[in-house]
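Listed below are the residues making up each chain.
2 protein chains.
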Amino acid sequence: MSAPAPTIILVDPQMGENIGAAARAMFNFGLDELRIVRPRDGWPSEPAEANAAGAFTAMKPITVHESLQDAIADLHFVLATTARPRDMVKPVYEPPAAIKACLDTNGRSAIVFGGERAGLTNDDVALCHGIITIPTNPDFSSLNLGQAVLLVAWECFKNHTPHTPATEHQPAEHAKIEEFFVRLEGELADGHFFKAPELRPTVMRNIRNLFLRGMPSDQEIRTLHGVISALNGSKKS
Amino acid sequence: MSAPAPTIILVDPQMGENIGAAARAMFNFGLDELRIVRPRDGWPSEPAEANAAGAFTAMKPITVHESLQDAIADLHFVLATTARPRDMVKPVYEPPAAIKACLDTNGRSAIVFGGERAGLTNDDVALCHGIITIPTNPDFSSLNLGQAVLLVAWECFKNHTPHTPATEHQPAEHAKIEEFFVRLEGELADGHFFKAPELRPTVMRNIRNLFLRGMPSDQEIRTLHGVISALNGSKKS
Numbered sequence: 003m004s005a006p007a008p009t010i011i012l013v014d015p016q017m018g019e020n021i022g023a024a025a026r027a028m029f030n031f032g033l034d035e036l037r038i039v040r041p042r043d044g045w046p047s048e049p050a051e052a053n054a055a056g057a058f059t060a061m062k063p064i065t066v067h068e069s070l071q072d073a074i075a076d077l078h079f080v081l082a083t084t085a086r087p088r089d090m091v092k093p094v095y096e097p098p099a100a101i102k103a104c105l106d107t108n109g110r111s112a113i114v115f116g117g118e119r120a121g122l123t124n125d126d127v128a129l130c131h132g133i134i135t136i137p138t139n140p141d142f143s144s145l146n147l148g149q150a151v152l153l154v155a156w157e158c159f160k161n162h163t164p165h166t167p168a169t170e171h172q173p174a175e176h177a178k179i180e181e182f183f184v185r186l187e188g189e190l191a192d193g194h195f196f197k198a199p200e201l202r203p204t205v206m207r208n209i210r211n212l213f214l215r216g217m218p219s220d221q222e223i224r225t226l227h228g229v230i231s232a233l234n235g236s237k238k239s
Numbered sequence: 003m004s005a006p007a008p009t010i011i012l013v014d015p016q017m018g019e020n021i022g023a024a025a026r027a028m029f030n031f032g033l034d035e036l037r038i039v040r041p042r043d044g045w046p047s048e049p050a051e052a053n054a055a056g057a058f059t060a061m062k063p064i065t066v067h068e069s070l071q072d073a074i075a076d077l078h079f080v081l082a083t084t085a086r087p088r089d090m091v092k093p094v095y096e097p098p099a100a101i102k103a104c105l106d107t108n109g110r111s112a113i114v115f116g117g118e119r120a121g122l123t124n125d126d127v128a129l130c131h132g133i134i135t136i137p138t139n140p141d142f143s144s145l146n147l148g149q150a151v152l153l154v155a156w157e158c159f160k161n162h163t164p165h166t167p168a169t170e171h172q173p174a175e176h177a178k179i180e181e182f183f184v185r186l187e188g189e190l191a192d193g194h195f196f197k198a199p200e201l202r203p204t205v206m207r208n209i210r211n212l213f214l215r216g217m218p219s220d221q222e223i224r225t226l227h228g229v230i231s232a233l234n235g236s237k238k239s
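Chains as they are written, first to last, in the numbering used here: chain A, 3 to 239; chain B, 3 to 239.
If you're looking for bench data, these hints aren't it; they were derived computationally from the structure. Treat the hints with care, as some may be off.
As the list claims (entries may be wrong) - A partial selection of chain A residues facing chain B, derived with a Cβ cut-off under 7 angstroms:
| no. | residue |
| --- | --- |
| 1 | 152 |
| 2 | 153 |
| 3 | 183 |
| 4 | 188 |
Where a beta carbon is used, it is the ideal one built from N, C-alpha and C, also for glycine.
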């Protein structure tokens with residue numbers, strides 16, 4: 003039994019043509035689940051249809067989401083595609099290792115691509131467990147969205163031979179992790195943890211990165227809630 | 003010392019756009035030598051230029067040839083790309099093995115792509131040493147010329163470049179992590195976190211595992227100490 007192939011998520015895609023090209027690219031290599039966050043030109047889209055070469059009719063129904071947060075709520079391991087290095091402590095994978103990590107996940111994985119112009123925001127990257135970066139010619143780096151999706155899908159197809167996940171560890175769904183972060187941030191604010199309000203987003207991003215690297219399970223998220231409660235209550239008695 | 007990267011040869015390409023897309027695709031992954039056999043719409047080509055995203059200016063000068071025979075005259079190992087099986091007794095490679103065969107060649111190699119509509123003729127395939135075929139989804143096979151070139155170039159790049167370590171992340175020394183765990187355990191005990199004393203070692207082991215998987219840095223350990231202090235103090239005020 004192998005983990006299911008990763009879902010592809012496009013965040014802020016601009017031209018429908020590029021959504022179609024991404025769908026065509028991924029479905030050539032058997033990836034059949036696409037989610038779209040805030041498509042600029044709307045959805046459904048005729049140019050997307052035209053560029054997909056028929057892929058949409060055979061793939062799972064496309065879903066549209068208002069935020070990446072929402073799009074990954076039911077997933078367990080999510081990688082953000084970035085072209086430039088980000089100042090975040092997260093594991094960085096090249097495509098073959100990224101696919102291996104997705105397929106080793108005991109649960110459902112996704113690979114997230116940003117819009118054509120600017121890529122993903124740091125906040126969106128911070129939601130993910132790790133980063134996937136496609137190395138290119140240092141003198142000429144001009145991969146478009148469809149090409150990036152194609153390479154990722156190809157690596158997946160090559161490596162999607164049945165194998166068992168490396169561990170029994172089942173990471174929690176994103177929504178449960180998010181709930182923990184929201185609570186933690188609230189309690190930290192109550193405890194005057196954030197000395198400078200303007201640094202609060204950065205500090206929270208760093209804390210997120212640390213916990214996401216550990217890929218906590220449901221049980222561990224419950225434990226972390228217990229830890230907060232215990233620490234919070236410990237000055238009461 | 004590795005053999006030079008393979009030359010890309012397009013035979014009977016139709017639209018200039020696709021020649022440009024092929025150039026852009028290959029040069030992203032450092033392949034800089036392109037030869038064209040009988041371009042239907044002529045050469046040079048404005049649509050090709052427009053689609054190449056600047057690749058032509060940095061690549062070796064493109065050469066145009068009247069036959070594949072002529073285009074491969076100075077080369078030592080040539081593979082023909084075909085989508086469908088041909089009734090020819092030749093070695094058939096998937097992309098990784100094809101690239102390895104090219105780079106293992108003691109001499110110069112090339113990978114040949116046919117036109118958009120019909121691919122290579124059997125006569126052209128017969129000129130080559132072997133066949134490269136890109137496996138796709140059995141239910142949806144719709145790779146265009148630029149995509150096929152992209153995948154071949156990517157496989158070449160992956161096998162032709164030294165790898166850099168994925169991240170600069172420096173995990174904290176064990177002693178610092180241990181100090182954090184000791185403090186956390188003490189504070190949790192004060193907060194009546196451990197309901198059953200006999201389970202305390204197991205619970206702490208699970209918490210350790212979670213944090214160790216994240217491999218916190220020195221800075222992150224300091225942040226975690228700050229988190230404990232903030233949570234502890236939050237009921238005081």
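Broken hints, numbered, in rising order? 3 and 4
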